[in-house]
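Chains as they are written, first to last, in the numbering used here: chain A, 23 to 894; chain B, 1077 to 1189.
Calculated from the structure, these hints are not laboratory results. Just so you know, these numbers come straight off a predicted model, no measurement behind them. Do not take every clue at face value.
Stated by the list, open to error - Going by beta-carbon spacing under 10 Å, a handful of chain A positions derived as facing chain B:
{"#": "1", "residue": "P29"}
{"#": "2", "residue": "E45"}
{"#": "3", "residue": "D46"}
{"#": "4", "residue": "D266"}
The beta-carbon is built from N, C-alpha and C at its ideal position, and this holds for glycine as well.
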Amino acid sequence: MKSAPPPPPKIAAWLLKLAVRGEDGFAVLGDFDEEYAELRAARGGLRARLWYWRHGLRSVPRLVCDYVYWRVIMFKNYLKIALRNIRKQKGYAFINIAGWAVGMTVCTLIMLWVQNELSYDRFHQNADRIYRLTLEAHIGAPQSAPVAPTPAGPAMARVYPEILKAARMERPRRSLIVFGDKEFYEEGIGTVENSFFEIFSFPLLAGDPKTALTRPYTAVIAETTAKKIFGTESPLGKFLKLGDGKDYAVTGVFKDVPGNSHINFNLLRSFETLVAENRAATENWFSISTYTYLLLDEKADPRALEAKFPHFVDKNMGPTLKAIGGTMTLRLQPLTRIHLYSDFALDIAPQGDIASVLLFSGIALLVLLVASINFINLSTARSATRAKEVGLRKTLGAVRGRLVGQFLGESLIYSLLAMILAFLLHFPGLRLFGRVIGRTMDKNVFQVPWMAPALLGLALFVGLAAGGYPAFILSSFHPVRVLKGQLRAGGGVWFRRILVVAQFTVSVLLIVSTLIISRQITYVKNKNLGFDKAHVLVVPRISAALRRSYASVRSELKSIPGVQEVGASSMVPGRGISRSIFFPEGFSEEQPQTMDVLSIEPGFLPALGIQIAAGRNFSETMESDRTQSIIINETAARLFGWSDPIGKRFVIRPDPEESGQTTYFTVIGMIRDYHTISLHQKIEPQLIQYDPDSVSAISIKLAPNSLPRVLDLLKQAWKKLEPLGSLDYVFLDEVFDRQYRADERMKAITLHFGVLAVLIGCLGLFGMSSFTVERRTKEIGIRKVLGSSVAGIVRLLSKETVLLIAVSNAVAWPAAYFLMNIWLRQFAYRTTITFWVFAAAALLSGLTGFLTVSYQSIRAALGKPADALRYE
Amino acid sequence: MKELTRIEEILLVTIWRLKEHAYGVKIRQHVSRVLGKEFSYGNLYSALHQLAAKKYVLKTLGESAPSRRGRRRIYYTVAPAGLEALEDSRELNDKLWMGIPRLAFDFDRDKSS
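All chains should be built: construct the whole structure from the sequences, respecting the hints.
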């Protein structure tokens, strides 16, 4: 034929071309062309074109199916080879997959927690328009608290039109609930105004949200609590008795409060109850313990509103504030910032903070980064040993594309196996993690919609990255040079070193932190507190009736064998304090002194073993002790410059809003300092008065080793004394040590992450050392032939690691010292940072690192030199 | 014993028959003629892939022709394993049909009509 053959129909040819691949594909196209040309010559263009179209269309589906079928077969082949590799190198595969899986698990757990923290209070429909009133005051001493004067909320709503609703809430507490013959203590018994349900989205399942809490002595209860009390019966219209002995009508049932709400409660009684009981108290501007929530208008500007508050405070509280030389500022705190961005000493419930959210997110990212880089590194280091396999395959005619597919497929399978393992580890991990951070997680990875797909994407990405190096670089090597051993994958040694240093720095940092934190916790738990916390049983709240008959209660309890002393007080150490201002002798009206105030009856001091340094304890028989005497602590005496405090006087001025006369108290005794709150706080000056009407907690000192028997007797005695409710008690040492829960949690976190960091660091080291040993096989062989000992070779191979770990320690020590100093600063009383914690961390990191490396190096050193030399 | 599908058997016999001319166009045309209907390239090549995977046929890259616009032919030859399979298949056919005369069918056809 002279000219070029006539072209076949374009579109049909293009379709065909799409459907076929490779050598065979070309043959198919050629066959089509050939037959087309034949037909064209024999029967003309039209017939030929028709034939091409018909056959093309008939063939395409089949060809495509065929292609897909063979791809699947190929994939099964990769899978088989990958699984065979895993079986062949069990140890390596396990380390690689497990390390990556643990990294992913830890990361998802932390992200779940972070996501939960960030979601706090956002489920309310009006979340963006709800604010809480907080105050900053300077009355004697600076104070800030998330509470406002009790009348402030409604007064503001009346004055400022941009405030649509205001709701006041009393802090939820533990209380007794009695219904019929059921009686039990329940946490989270709060008091709110009815508007609470109009501001927040806490849906009522039964009852009318508009009127549920408008009358005194009404209450709404949580679904779960309702089931606990009433079973399947409808709670509406039933009456409950609460800890105050009053009956409350149930007017509604609300859905259980979600875990990510900053307030938690199980029963709410109406604020009207408080108004009905003591209207004056709810209208007193200086009763400051009410949490006030405001719903603002959509167009309202909270800053502008806040700017009007000074005038508001001045108008309502100005004269009194001026009289005592105090100032007060009210502020608006956005609802969505309460959980993470506020750090009031006493909030409505313990809140989180943004610093730990950031810290944890950082840790999650770091863990993920390190784990993924380790995975990539280990895969790459392993693949270097396969350079020869690649060379051989290429000589035997393997196409580059197929090699790329093989390597990528293998590392993808590893990565996906790791992901599956991560999902399996997730559930036990969730439980462990919950224990470490001290609360249960209410969602798992599959309940956050973006998380599982994100993890899949990550696994795919890292799998591709890990396979990428061998796939594209090894497969491009020239087979002859690879087989001659001229080309070795050697790049990135420095990268690997930096990675190892970074990982061990984090490990050492966490080890040092763990050691210092646990030293401090041991210190605070064993420090002499100035009172004896052991064997003291505390009944935190007693009813008014019991308080009135306290004398007989005390003698009844004291008659029980095993009970050594019984005392009553307004507070017990570790359960909060109350402060007030006083005018001690020698201080003018402009110099008010802030002091902790405690009301007790005389038995309290001996019950807690608090020692009297000078003077005497209160006496039951001296009537004047109740009205005119006080006891102070050593700190107070020191602060006021009294070398002999006995006989000094305090002036108690009447409240300017009420009429009364100035009275005096005389100091009759001084106690040795004792810690009223945790060792985070300094001991403050304290003033103790004898006031049987203000005590609410009973402390019972027991003889050692008598607990179970005495407890039974106490319960029986209590039943007789208090008809309402059984004995509800806690142990003083538990109450006191509970204050260190956050510190214990910190310790658990650093410990667990420390162990994890060491593990992951060892993984990185393992990858690096196997790589080094591999590269120096021949060198080791020659050294052995020339007379090197096994120990000498191990030393040679471990030198680098030990050096890297030394560098890590050098970096981590100052960082740990700095960070731990910051952490320790939150304690007023702290232990010193000793050198041995650093030495211990160095030893631990050095030893684990050395052991990891020696596995590889000893194996290399023990090998026969002939094998090593024949290796290439 | 490996059993061949009908189409595999047809293809193997065709390739064996065509000897050194056994490539796509010729095979397809021959099979179409035998079957009495158009046999598509899709079906042809997917069957050939299977045969190649089972090592019943061997592939050799051949020459091109002007009308193929430079695309080379792939020639197929029956591999030893393929021959074995063919023999087995023939034996099976013989055994299966042994003793059944053509008349039996004629008889049947008469009866039914």
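Taking the hints in turn, this is what the structure says about them:
1. With a cut of 10 Å, the hint placing A:P29 at the interface with chain B holds, because the nearest CB-to-CB distance is about 8 Å.
2. At about 7 Å, the closest approach between the beta carbon of A:E45 and any beta carbon in chain B falls short of 10 Å, and the interface hint on this residue holds.
3. Restraint check, A:D46 versus chain B: the minimum CB separation of about 6 Å is within 10 Å; hint holds.
4. A least Cβ separation of about 86 Å between A:D266 and chain B goes past the 10 Å threshold, and the interface hint is therefore violated.
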